[in-house]
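*Asks:* Go by the hints and put chain B onto chain A.
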Amino acid sequence: MNNWTRRAFIGAGVITGGALLVGVAIRPGRRVDKLAALVEGEDETLVHAFIKIDTDNGVTVIVPHSEMGQGAQTALAQMAADELDADWEQVRIEEAPAAGEYALYTIGRGFLLKDVDLPKILIPTVDGAMMRVADSMGLQITGGSISVRVTGMYGMRVAGAATRDLLRRAAAAAWDVPSEDVETNCGQLKHAASGRTARYAEFAEAAAQLKPTYTPTFKDPSEYTIMGQSVERLDLPSKVDGSARFALDVRLPNMVYATVSQAPVFGARVASLDADDALAIDGVLAVHRLPETGFDSSIGGFDLGESVAVVASSYWLAKKGLQALSIQWTQTGHEAVSSDSLYEQFAETLSSGADVVTDTATGDVAEAGARAAYGIEATYRVPFLAHTCMEPLNATADVRDGRCELWVGCQNPLGFRHAMAAVLGLEYDDVTVHNQFMGGGFGRKARADWATQAALLSREVGRPVQLIWSREEDVRHDKYRPAGMSQFRAALDDNGRLLAWTNRYTNKMDPPDAPLIPYAIPNQDIGSIASPTHVPTGAWRSVDHSQHGFFTESFIDEVAIAAGRDPFEYREQLLSEHPRHLAVLQKAARAASWGSPMGPGRGRGIALQESFGTIVAQVIEVTVNNGAVAVDRVVAAVDIGFAISPDGTRAQIESGVLYGLTAALYGDITIENGAVKQSNFHDYRAVRMSESPKIETHIINSGYAPGGAGEVGTPAVAPALANAVFNATGVRVRELPLSKATVMLSDTDAA
Amino acid sequence: MRKTLAVNGEQHVVDVAPDTPLLWVLREQLALTGTKFGCGIAQCGACTVWLDKQAIRSCVTPIAAVTTQAITTIEGLAPGPEVLHPLQQAWIEHQVPQCGYCQSGQLMSAAALLAANPTPSDEDIDQAMQGNICRCGMYQRIRAAIRTAADRIAEGGNASE
Numbered sequence: 003m004n005n006w007t008r009r010a011f012i013g014a015g016v017i018t019g020g021a022l023l024v025g026v027a028i029r030p031g032r033r034v035d036k037l038a039a040l041v042e043g044e045d046e047t048l049v050h051a052f053i054k055i056d057t058d059n060g061v062t063v064i065v066p067h068s069e070m071g072q073g074a075q076t077a078l079a080q081m082a083a084d085e086l087d088a089d090w091e092q093v094r095i096e097e098a099p100a101a102g103e104y105a106l107y108t109i110g111r112g113f114l115l116k117d118v119d120l121p122k123i124l125i126p127t128v129d130g131a132m133m134r135v136a137d138s139m140g141l142q143i144t145g146g147s148i149s150v151r152v153t154g155m156y157g158m159r160v161a162g163a164a165t166r167d168l169l170r171r172a173a174a175a176a177w178d179v180p181s182e183d184v185e186t187n188c189g190q191l192k193h194a195a196s197g198r199t200a201r202y203a204e205f206a207e208a209a210a211q212l213k214p215t216y217t218p219t220f221k222d223p224s225e226y227t228i229m230g231q232s233v234e235r236l237d238l239p240s241k242v243d244g245s246a247r248f249a250l251d252v253r254l255p256n257m258v259y260a261t262v263s264q265a266p267v268f269g270a271r272v273a274s275l276d277a278d279d280a281l282a283i284d285g286v287l288a289v290h291r292l293p294e295t296g297f298d299s300s301i302g303g304f305d306l307g308e309s310v311a312v313v314a315s316s317y318w319l320a321k322k323g324l325q326a327l328s329i330q331w332t333q334t335g336h337e338a339v340s341s342d343s344l345y346e347q348f349a350e351t352l353s354s355g356a357d358v359v360t361d362t363a364t365g366d367v368a369e370a371g372a373r374a375a376y377g378i379e380a381t382y383r384v385p386f387l388a389h390t391c392m393e394p395l396n397a398t399a400d401v402r403d404g405r406c407e408l409w410v411g412c413q414n415p416l417g418f419r420h421a422m423a424a425v426l427g428l429e430y431d432d433v434t435v436h437n438q439f440m441g442g443g444f445g446r447k448a449r450a451d452w453a454t455q456a457a458l459l460s461r462e463v464g465r466p467v468q469l470i471w472s473r474e475e476d477v478r479h480d481k482y483r484p485a486g487m488s489q490f491r492a493a494l495d496d497n498g499r500l501l502a503w504t505n506r507y508t509n510k511m512d513p514p515d516a517p518l519i520p521y522a523i524p525n526q527d528i529g530s531i532a533s534p535t536h537v538p539t540g541a542w543r544s545v546d547h548s549q550h551g552f553f554t555e556s557f558i559d560e561v562a563i564a565a566g567r568d569p570f571e572y573r574e575q576l577l578s579e580h581p582r583h584l585a586v587l588q589k590a591a592r593a594a595s596w597g598s599p600m601g602p603g604r605g606r607g608i609a610l611q612e613s614f615g616t617i618v619a620q621v622i623e624v625t626v627n628n629g630a631v632a633v634d635r636v637v638a639a640v641d642i643g644f645a646i647s648p649d650g651t652r653a654q655i656e657s658g659v660l661y662g663l664t665a666a667l668y669g670d671i672t673i674e675n676g677a678v679k680q681s682n683f684h685d686y687r688a689v690r691m692s693e694s695p696k697i698e699t700h701i702i703n704s705g706y707a708p709g710g711a712g713e714v715g716t717p718a719v720a721p722a723l724a725n726a727v728f729n730a731t732g733v734r735v736r737e738l739p740l741s742k743a744t745v746m747l748s749d750t751d752a753a
Numbered sequence: 508m509r510k511t512l513a514v515n516g517e518q519h520v521v522d523v524a525p526d527t528p529l530l531w532v533l534r535e536q537l538a539l540t541g542t543k544f545g546c547g548i549a550q551c552g553a554c555t556v557w558l559d560k561q562a563i564r565s566c567v568t569p570i571a572a573v574t575t576q577a578i579t580t581i582e583g584l585a586p587g588p589e590v591l592h593p594l595q596q597a598w599i600e601h602q603v604p605q606c607g608y609c610q611s612g613q614l615m616s617a618a619a620l621l622a623a624n625p626t627p628s629d630e631d632i633d634q635a636m637q638g639n640i641c642r643c644g645m646y647q648r649i650r651a652a653i654r655t656a657a658d659r660i661a662e663g664g665n666a667s668e
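From first to last, the protein sequence lines are chains A and B. In my numbering, each residue's number is its place in the first sequence (first place is 1) plus 2. In my numbering, each residue's number is its place in the second sequence (first place is 1) plus 507.
Next comes chain A alone, as it looks inside the complex (with noise of 0.2 Å):
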């Protein structure tokens, strides 16, 4: 049953603020009837693109971002749910189809109109706009921690307002009542003076006849029945009998598995190729070379080596084929490149002081240097780091007879559409992407080179094919965290008084204000120098703020010691016109009893970083014994506006912190004769069980807008963690991983 007409269509996206159907509203006609049969079932009402009433009451929240663990979906759902009214036990999820009618404009709008507080009669007709980029640019990408704070908060609300407000004007118009007396309640409507009561869904296609209202009113965050609350994930029960379906469950009639092989140096080529041996597997079906390929978009866009892939009735044959096969990769000119090699380039580049990118000019550091008491400098590196998602990259493809049927999980389901028909040659309405759950994302499946493999395999055998990448193969041709060497210096007063702040850094990524401090220094001047290595690489859970944060909270920390202050009452004297940071700062402080004694060979440390619109200040604490530091408790301070499901936040925060502390401890992609070195979790290490600290999370809700969770807990940790090393041992590290600083330490303990 589809009510829609045009008419509502457009009507409706009038109103609609920051959701779909505004977009819809200036593309009317073909892009309707398309829309509603992406999500509308039998004896089903599409009230809005976001939210979807049934003939049961059951209400389903159509989600235009993909599950890596965040618990987003659910978030997201709460958003809609308690501005529609709705009743949760009746709440389902759904993850929007990989189609233009879902790309995410709002991103646009949230990246490209930052903090601009739009009138809300321009946000429709930005939104048109927006959307025709989005959909351009393939943007339905789950990253930047935008779920909650830009869909969320300009699709999601508005949507479950808009549709409360078409449910109360029909059910006002059937009864004959003013609208404003027919109350809302879990999912019922009530008249409360003529005892009349319905369920949303009885009214659900008269309202879709209505021309909805302008700006739909939102509840005062006092009326929150939903949001605010720790619901349980709506997606958990299956994660706990094996019923969960990821990528790698993907099974198809005829399917076949693969495994592939790239060249150790980034950019080599195959010289030579020996497949007899394999081909001689029982088992093993076929032999490809995938040729070079890539995709040009400014988001999600990858260039892909050439490679060898091995087809066969299961992977480990497949496996054991590639094992087999004998493979001469051509020089690319960066079998000398080392770690080593890179810093020192990195070094020269920085010492160069050319080209430098401006990220901020205050006052004039010369002049404040000039007449500073004394001054101090600090070099910090950082190495390459891989995401190690649990689940190894994998995909399966069908494509036969000029279309391309995708099974992935990927943060960016409809850039991988358009990835797909641009390497594939075909038109992008040819290709379908059923995007499944991921297990970790952590930034890397944004990109499909892998999933490009699966379909060129696919399209050269003629049959479905799961191509799965070995462990090996994952560690070694990720799109990796920039390595990246930081320079400062400081100069200070006779009082300690910092004047100016000067910080000169390798490579800039994203997001722009990444190296920024919120301390009140006069004089600051921060930019950064291209120095461009071959090795590929790619946004890491927080993206720059997993550099930075290490760099500028180790150096303030440095610059408190210098002026003989404590590191956390330096800080706070510094953030007077930011009492955001300052209330976060001090709540950890405080929660973790800064300044109480501790033992011998234990120390803690601080730092503060606000990232994706969240403040996080963590506290932590270890002891160092011959060496080896044991990290026995983080306290976290997380001002992120308002959480819409505390529970969810603080498993964020307890998620980012494990995996900034993996990176801080053991995190190191080292590069030999222009190779990756490591290849799986025995060299690439991750923080297990019995090294887990204890770690609390005190959230506050500052009641500005919601900021991120899913990359906000990691940027603090690295710092911390290296000032608290410092406090126990008073071996500065100014290299990661901590692992590396092993025998400093150790002779420190002797010492």
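Treat the hints as calculated values from the structure; they're not laboratory data. If you're wondering where the values come from, they're calculated on a predicted model, not measured in any experiment.
Between beta-carbon pairs, the in silico distance windows are: (1) A707/A to A513/B: 54 to 60 Å; (2) S628/B to R582/A: 38 to 44 Å; (3) S628/B to G732/A: 34 to 40 Å; (4) S595/A to P586/B: 43 to 49 Å; (5) E600/B to G732/A: 43 to 49 Å; (6) E429/A to P586/B: 50 to 56 Å; (7) T434/A to D629/B: 45 to 51 Å; (8) Q231/A to K510/B: 49 to 55 Å; (9) Q561/B to H536/A: 44 to 50 Å; (10) E234/A to P525/B: 43 to 49 Å; (11) T574/B to T434/A: 41 to 47 Å; (12) E600/B to N675/A: 46 to 52 Å; (13) P524/A to E630/B: 51 to 57 Å.
Where is the CB? At the ideal position from N, CA and C, for every residue including glycine.
*Replies:* Leaving out everything else, chain B in the frame of chain A:
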């Protein structure tokens, strides 16, 4: 090679190369996809199943090494179709999973621990769970959930039936 496997109380006949790890037999031949591939070298624990209530890494267990032992996978952990194992229950109460990919292995390791040692100390838990990596970092919740389940079993539940 053809052989008969006893998986979750049912007999299955499979025909695979003898060096094929049990993991891939479960996933590809028997469509028991709850058991996951994470590393292939017994480093991460995502592939953990039971052989006669011993937690083993199925990614490095060749099918030839499996004889008459009873194999239990995550699909066979719950005592019945509508009943959860106390650990599964506790996992939901503590909202343990995030991405969820490692959780089958975590649960099978934890269940083997409680079957052998219903009142584990923190050190026992750390030791039993040391082979299971969670990249979402939910160790604190896993530890708490194991405690909850152990307490409940002590009050009269049953860890292994």
